[in-house]
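Q: Since the structure of chain A is provided, determine the placement of chain B on it from the hints.
Listed below are the residues making up each chain.
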Amino acid sequence: MDIEEVKQRAGPREFSPKDEMPEKYRKAATRMIQFHANSEIMGAYLEKPFIRQAPSLDRKLAFSAKVQDEIGHGQLLYRAAESLGIKTRDEMLDELAEGKGKFLNCFHYPMDSYVETPMIAFFVDGAAMRRQATLKSTSWEPYAHAMDKVCFEEGFHVKHGEAILYELMTGSKKEQEMTQEAFDEWWPRIIQFFGPTNEKSTHHGFASEVGLKQMSNDDLRTAFLNAYIPKAEKYGLEIPEEPRISKNDDGTYEVVEEDLDWDEFFTIAKNDYEPGVGQINGRKAAQDAVEWVRESLDSHENRLYGSSQPQAAD
Amino acid sequence: MIWEVFRQEKSGDYHKHCGNVHAPDREMALLFAEVQHGRRKPTNSLWVTPQKEIGEVDTEDAAFGGTTDKSYRWAMTYNFEAAASEVEESESEQASAERERKAQIEGGS
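Note that the protein sequences, when read in sequence, are chains A and B. The opening position of the first sequence corresponds to residue 0 in numbering that gives the first Met the number 0, with each subsequent residue numbered one higher. The opening position of the second sequence corresponds to residue 0 in numbering that gives the first Met the number 0, with each subsequent residue numbered one higher.
The following block holds chain A by itself, in its conformation from the complex (with noise of 0.2 Å):
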């Protein structure tokens, strides 16, 4: 199949792993998912040591399915990202380790206190499941299946965030107060979740000829602003000064590029952001801690299906 026949019949679920697909098109779509599938890896890292500082036993549960549910998203989307015959998994989860893999941009940050934690389990999991809600309908169908499971998922991940914003915002004043700060700081991380206007956005153009993006960046930021911010404001939460948003007669948003620190934004795209740094060796050094398990179910593997075996035996 060549590109232009791809950009034809680009739909969703159109394309599976019995068609062949242009090299551009697999490249496109193995970035595309490898970024998905490290960001819910880091994201689960990030929120792990809240399973022991959570205050209570139901949200420490909670937390602990939660970071349990993100790794297994993660091993769904590296599958759909392999059978695109580019990388395999071993390679991804290198490259991640080694500090050459993408992901987003608010799982760079430390989460130090748990005021913050519905910052990313609130805002960020709802930015990124207005996304996946999306991408289930993407063309490579490994991936929209991975979206099924992962939006089934989701919904409690974005409630318990939720719950946890909800019980922050009607505690105590100091309870209250810390809250709003860390809002104020993650929000503007969080309106850049939806990375720059669509311009300065290289790859979007060819992802969504190819039906692999389903809408593109503006159009989420809108949505995610539609639905979020009036949740914000119901629970107290004053929206920060800055970036500055202003809300469009046709129910767009413009946000002003300026008031966001973009220098700060594609130090984090290129993995350089100090904070993110550590945060990818420390789950580097978890993935080596259990590389004898991997070693071993290597070597079982080759031991009963490898080279060792009879191609013919009779």
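Quick caveat, the hints were computed from the structure, so don't treat them as lab data. Backbone N, C-alpha and C fix where the C-beta goes; we use that ideal spot for every residue, glycine too. Each hint should be verified, as a subset may be incorrect.
Stated by the list, open to error - Derived pair list, reagent style SDA-like, types lysine to any residue, alpha-carbon separation capped at 20 Å:
(1) A:148 - B:33
(2) B:15 - A:152
(3) A:148 - B:46
(4) A:17 - B:62
(5) B:51 - A:297
Said to hold, decoys possible - Covered by chain B, according to a simulated footprint, are these stretches of chain A (three or more residues, beta-carbon under 8 Å):
(6) 67-78
(7) 148-157
(8) 238-246
A: Relative to chain A, chain B alone:
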């Protein structure tokens, strides 16, 4: 090695394909399938099979249901009031299957 996973939601249902896992052998494939695919969705039973053991024939290779008019084998063709509820049920299942088949043929061309 990749293993395809099939999940049966409740006893008596079909096992439906739900994804795949990496595993070095069948025993671990079942374990990983349990963790990955049997944890959140209702699950009564899981099957795993090596991916390379799956065979497939699709609409590119086969004309499922034939290429000629076979209306004679559908209940809707015979214009009589159904004698009993099970006949009526069967006819309505056939009618919706026929609609889906037609939509598929039209959508595919």
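Q: Next step is simple, just say for each hint if it's right about the structure.
A: A quick look at each hint next to the structure:
Under the criterion of a C-alpha separation no larger than 20 Å, the hint pairing residue 148 of chain A with residue 33 of chain B is consistent with the structure, at around 15 Å. Annotation: proposed proximity of residue 15 of chain B to residue 152 of chain A holds, straight-line Cα distance about 19 Å (limit 20 Å). For the hint linking residue 148 of chain A to residue 46 of chain B, the alpha-carbon distance of about 18 Å falls within 20 Å, and the restraint holds. Of the supplied pair hints, the one linking residue 17 of chain A and residue 62 of chain B holds, its CA atoms being roughly 18 Å apart against a limit of 20 Å.
Distance hint between residue 51 of chain B and residue 297 of chain A is fulfilled; the C-alpha atoms sit about 18 Å from each other, no more than 20 Å. As drawn, the stretch 67-78 of chain A meets chain B at 6 residues by the rule of a beta-carbon pair under 8 Å; at three or more, the given contact holds. Taking a C-beta to C-beta cut-off of 8 Å, the stretch 148-157 of chain A contributes 3 residues in contact with chain B, enough for the three needed, and the coverage statement holds. Only when three residues or more bring their CB closer than 8 Å to a CB of chain B does the claim for the stretch 238-246 of chain A stand; here the count is 0, and the claim is violated.
The structure is inconsistent with hint 8 alone, although it conforms to all the rest.
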